[in-house]
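Asker: Residues per chain, in single letters:
Protein chains: 2
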Amino acid sequence: MKTISNPPYLQVALDCVTSKEAMRLTLELPENENLLIEAGTPLIKAEGISIIQSIRDKKKDVYIIADLKTLDVGALEVNLAKKSTANAATVSGLASNSTIDSFVEACIAQEIDSIVDMMNCDEPVKILSSLKELPTIALLHRGIDMESDTEHAWNKVVHIKESFPDIKVAVAGGLLIDNVEPALEAGADIFIVGRAITASENVKKAATDFLEALRR
Amino acid sequence: MKTISNPPYLQVALDCVTSKEAMRLTLELPENENLLIEAGTPLIKAEGISIIQSIRDKKKDVYIIADLKTLDVGALEVNLAKKSTANAATVSGLASNSTIDSFVEACIAQEIDSIVDMMNCDEPVKILSSLKELPTIALLHRGIDMESDTEHAWNKVVHIKESFPDIKVAVAGGLLIDNVEPALEAGADIFIVGRAITASENVKKAATDFLEALRR
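These protein sequence lines are chains D and G, in that order. If you read the first sequence in this note's numbering, its first letter stands for residue 3, the second for the next number, and so on. If you read the second sequence in this note's numbering, its first letter stands for residue 3, the second for the next number, and so on.
It is worth saying that the hints were derived from the structure and are not from the lab. Hints may contain errors.
[Unchecked claim] To give an idea of the chain G side of the interface with chain D (calculated C-beta under 8 Å), a few residues:
#, residue
1, Leu96
2, Ser98
3, Asn204
[As the list claims (entries may be wrong)] List of simulated lysine-lysine pairs, BS3-like, C-alpha gap at most 27 Å:
#, chain 1, residue 1, chain 2, residue 2
4, G, Lys22, G, Lys134
5, D, Lys22, D, Lys163
6, D, Lys85, G, Lys22
7, D, Lys61, D, Lys206
8, D, Lys4, D, Lys207
9, G, Lys128, D, Lys84
10, D, Lys207, D, Lys22
11, G, Lys84, D, Lys22
12, D, Lys22, G, Lys163
13, D, Lys22, G, Lys22
14, G, Lys128, D, Lys128
15, D, Lys85, D, Lys62
[Said to hold, decoys possible] Covered stretches of chain G (chain D as the covering partner; in silico rule of three or more C-beta atoms under 8 Å from a C-beta of chain D):
#, stretch
16, 29-36
17, 63-73
18, 77-90
Where is the CB? At the ideal position from N, CA and C, for every residue including glycine.
Please build the complete structure, drawing on both the sequences and the hints.
Answerer: Right, here's the structure in full:
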């Protein structure tokens, strides 16, 4: 079982909606132990969960995240992700506690990593505190409202790390090479980047530059 | 454009995860103007949005709901639903206002019905009040917590109808033929049923019995 044991990582979100584009991006991304590939929610809804297996067929050893953003029937959706060879799957932090609990428990049973996506959640620490089992990863979005107030956003990383030292923290939202520094300093483990890489003319170079920025 | 103009309706949720099972259920359901077919969220994630077109190929004139439970990139997901010939699509009431607004606006532009799914939302009326444009349908779930307190649950139908007379209200959660009466009296327009029909030995009869109970 692949694990998140050597942060920081770059997670490239395949934010397209066709298998063809997803395959192009997958093949253009560089081979790197610290590069994770995410099948975005619209991509999964458009093409079905088998898109994960298609990515796997192109990159046997890569760590793949199924961005399911599950809101209901947690265990059922984890089973879909596992069958498709995903290494991790996301549940929405907005789901009921019973859904998040069943999702995390199913991930533990199926030996894949669980990610609670805190998009639109006001109090991530409170949500994590209320769960039966902690997820592997908590995902924080720097919302549009916060884009002029990054300090506030990255403080949330510090709060989660202080409260739950074993949880890995992923960050998403408008990340550029020039602004990874404060998130790195706050202790973020995984940096999720979409368009800044996928819409780049040179996908491989854009990803490589990001990976280097994270290792600086 | 098909519309919800002659309630009450029965919405059968295809709560399976394979195309094969979805096709079996689709073919077994009776032909009836007041029967709507929902492609459930796990089914869409499992098989991709093209499952809607597959249902359409079997039942040319049926009203089909894409249960996307969208949390982000509202307009993008509406486009997927429209392309696949869906008549309506759902957005989660837990999404940000900007996501719900972009979803509803895209539905209006694409001429399909919009449904705000209030699962896990404490204050549906407040959410509806805060939107730029009202959705076609508000979907209320009778949560597990409420199953011994149905009066409370159906009061929410009355509250929405009083506040927004033009909105249609759909109800879901443990609906059985024997307990549709109070929801009908509260003014519910659409009754969503999953396992009570899809897990029945005689799908056609189970659906027909429900349709008759709604017309009683």
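Asker: Work down the list of hints and note, for each, if the structure agrees.
Answerer: Verification of the hints:
no.: 1; hint: Leu96; verdict: 4 Å, holds
no.: 2; hint: Ser98; verdict: 5 Å, holds
no.: 3; hint: Asn204; verdict: 25 Å, violated
no.: 4; hint: G/Lys22 to G/Lys134; verdict: 40 Å, violated
no.: 5; hint: D/Lys22 to D/Lys163; verdict: 38 Å, violated
no.: 6; hint: D/Lys85 to G/Lys22; verdict: 17 Å, holds
no.: 7; hint: D/Lys61 to D/Lys206; verdict: 15 Å, holds
no.: 8; hint: D/Lys4 to D/Lys207; verdict: 25 Å, holds
no.: 9; hint: G/Lys128 to D/Lys84; verdict: 38 Å, violated
no.: 10; hint: D/Lys207 to D/Lys22; verdict: 21 Å, holds
no.: 11; hint: G/Lys84 to D/Lys22; verdict: 20 Å, holds
no.: 12; hint: D/Lys22 to G/Lys163; verdict: 45 Å, violated
no.: 13; hint: D/Lys22 to G/Lys22; verdict: 25 Å, holds
no.: 14; hint: G/Lys128 to D/Lys128; verdict: 23 Å, holds
no.: 15; hint: D/Lys85 to D/Lys62; verdict: 15 Å, holds
no.: 16; hint: 29-36; verdict: violated (count 0)
no.: 17; hint: 63-73; verdict: holds (count 3)
no.: 18; hint: 77-90; verdict: holds (count 3)
Violated hints, in rising order: 3, 4, 5, 9, 12, 16; the structure is consistent with all others.
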